[in-house]
Amino acid sequence: MTVNHFQPGSGPAVPAATTGAGPSRPRHAEKSSVMSVDDMVAELRDGMTIGIGGWGSRRKPMALVRAICRAGLRDLTVVSYGGPDVGLLVAAGCARRVVTGFVSLDSIPLEPHFRRARERGTIELTEYDEGMLYWGLLAAANRLPFLPIRAGLGSDVLNVNPELRTVRSPYADRSDLVAMPAVTLDAALVHLNRADRRGNARYLGPDPYFDDLFCLAARRRFVSCERLVSTAELIDSGPPQGLLLNRMMVDGVIETPHGAHFTSCVPDYDRDESFQREYATTDWETFRATYLDGDEEHYQKAVAAR
Amino acid sequence: MSRADVCVVACADAWRGDGAVLASPTGLIPRLGARLAQLTFAPALLLTDGEATLTYDDEPEGWLPYRAVFGVVAAGTRHVMMGASQLDRFGNQNISCVGGWRRPARQLLGVRGAPGNTVNHTTSYWVPRHEPRVFVERVDMVSGVGHDRGAVEIRVVVTNLAVLDFATPDRSMRLRSVHPGVSVADVRAATGFPLVVPAEVPVSRRPTGDELALLRERLDPDGLREREIR
Numbered sequence: 001m002t003v004n005h006f007q008p009g010s011g012p013a014v015p016a017a018t019t020g021a022g023p024s025r026p027r028h029a030e031k032s033s034v035m036s037v038d039d040m041v042a043e044l045r046d047g048m049t050i051g052i053g054g055w056g057s058r059r060k061p062m063a064l065v066r067a068i069c070r071a072g073l074r075d076l077t078v079v080s081y082g083g084p085d086v087g088l089l090v091a092a093g094c095a096r097r098v099v100t101g102f103v104s105l106d107s108i109p110l111e112p113h114f115r116r117a118r119e120r121g122t123i124e125l126t127e128y129d130e131g132m133l134y135w136g137l138l139a140a141a142n143r144l145p146f147l148p149i150r151a152g153l154g155s156d157v158l159n160v161n162p163e164l165r166t167v168r169s170p171y172a173d174r175s176d177l178v179a180m181p182a183v184t185l186d187a188a189l190v191h192l193n194r195a196d197r198r199g200n201a202r203y204l205g206p207d208p209y210f211d212d213l214f215c216l217a218a219r220r221r222f223v224s225c226e227r228l229v230s231t232a233e234l235i236d237s238g239p240p241q242g243l244l245l246n247r248m249m250v251d252g253v254i255e256t257p258h259g260a261h262f263t264s265c266v267p268d269y270d271r272d273e274s275f276q277r278e279y280a281t282t283d284w285e286t287f288r289a290t291y292l293d294g295d296e297e298h299y300q301k302a303v304a305a306r
Numbered sequence: 001m002s003r004a005d006v007c008v009v010a011c012a013d014a015w016r017g018d019g020a021v022l023a024s025p026t027g028l029i030p031r032l033g034a035r036l037a038q039l040t041f042a043p044a045l046l047l048t049d050g051e052a053t054l055t056y057d058d059e060p061e062g063w064l065p066y067r068a069v070f071g072v073v074a075a076g077t078r079h080v081m082m083g084a085s086q087l088d089r090f091g092n093q094n095i096s097c098v099g100g101w102r103r104p105a106r107q108l109l110g111v112r113g114a115p116g117n118t119v120n121h122t123t124s125y126w127v128p129r130h131e132p133r134v135f136v137e138r139v140d141m142v143s144g145v146g147h148d149r150g151a152v153e154i155r156v157v158v159t160n161l162a163v164l165d166f167a168t169p170d171r172s173m174r175l176r177s178v179h180p181g182v183s184v185a186d187v188r189a190a191t192g193f194p195l196v197v198p199a200e201v202p203v204s205r206r207p208t209g210d211e212l213a214l215l216r217e218r219l220d221p222d223g224l225r226e227r228e229i230r
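These protein sequences, in sequence, are chains A and B. The UniProt record's numbering numbers the first residue of the first sequence as 1 and each following residue consecutively. The UniProt record's numbering numbers the first residue of the second sequence as 1 and each following residue consecutively.
None of these hints come from the bench; they were simulated from the model. No residue lacks a Cβ here, since even glycine has one placed at the ideal position from N, Cα and C. Any given hint could be a false lead.
[Unchecked claim] Heads up, incomplete: computed chain B residues facing chain A, CB under 8 Å, no partners named: (1) Trp-101; (2) Arg-103; (3) Arg-106; (4) Leu-108; (5) Pro-115; (6) Asn-120; (7) Pro-207.
[Unchecked claim] What follows is a set of in silico ranges between Cβ atoms, one per label pair, in the way DEER data are often shown: (8) Asp-46/A / Arg-106/B: 27 to 33 Å; (9) Ala-44/B / Asn-142/A: 32 to 38 Å; (10) Gly-294/A / Arg-102/B: 33 to 39 Å; (11) Gly-72/A / Ala-167/B: 55 to 61 Å.
Can you make the complete structure from the sequences, with help from the hints?
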């Protein structure tokens, strides 16, 4: 397996890392994975299977999702603990299939665009139990073809996914379990609170969700962050257990302040409930024209100007 | 004492005798029930703030991010009380969609954790509006599995009218008690399948004075529980 140190091609100038006091490090230690949102989009192709981190309407890499909507990618298979990331990609016509256990805005139980697409029959769905999706990512991360799990047995999850098989324990219990297949991703998109330019990153909120697993299950891994900081500052910004991603797990780092908006990114900010309500109740064409037709800077300005 | 108060203690009683397991209530009335149980007869019960923090009497006592919840599910040390858009006589539950799965008439939440919950640990249900549309002959998509499909234990179904359980030879649904002011006929009329009804159906237990005081003064002083039942 190749460890990939991504070299940005024609990306914009890298922001100077704010190093603390002390002598500067040799240049070879400064290998950078920093890229722009456009650099990331340029690596994605129609038809890819893309995993999106976060959970529901929590710490979603929304700036990256918005960029995919603008770029007009097509026929994506989106793997996600679904929230407005799925809704946007469905509404923008980018997603052909959604792989998930739910799609919800948390404070608004049902995601309106996903719901409409399902009721119109315009989207394909692979519906798993939430724990099955976790096991599938875990299997991919461990390069296993499947992992056994009880979840799914007896339910209609096995009927709506006729490709799913069970496996019998070779030990004395002889129990039958679901053989959850590896959920392997072409690309993973995640958003964390802090990252350095090499691809080390941490979360500062109460839950890592499954962002590390999404990265480990993917061929190309893109992490956006609220703030790009020096490695020293990254280390000092919290306990070592919060350092969820290391350089083996990341190909590109993108600084997108407020990049999880309108989902929550605690402690940097909470969910923007009033904006989420607007998203959920505004017709797609109006929402798109108001917020998504320009670039990310335009989006953030339009949000601030409400 | 209101109908909602009766529902809260009926939910609380679901966790009676469970010991140190994670209580995972969905909805306000089940949450009040779980908190009431923790503060009174089930002090070993674990609860969360609904996100990643374990709480005792609403104060943080530990960490339980989603990935660890799936570990608890697999370990079986949990008793969830879920909602149900549809429920059949063996406790098969649907929260995924109404109508055909391929192109549903109404897309709902998705199966969420229901398949894993029901085959790993005790499950109960809370139905704020007991009606034939919920209690159906056959659910459109089995999200949570019932006793005829390998559920570990569906303990109780608490509704705005009654408490139901599965204490029958084939583990099909039975009327355990009716709430004060509700008749057996009311429950039968609101249930879309033949319910097992014992010769004598008791009235659901009323909250004790201490329970009512806790509810009114500490857990839900604004009476939000009254709005969950319509």
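Hints the structure fails to honour:
7
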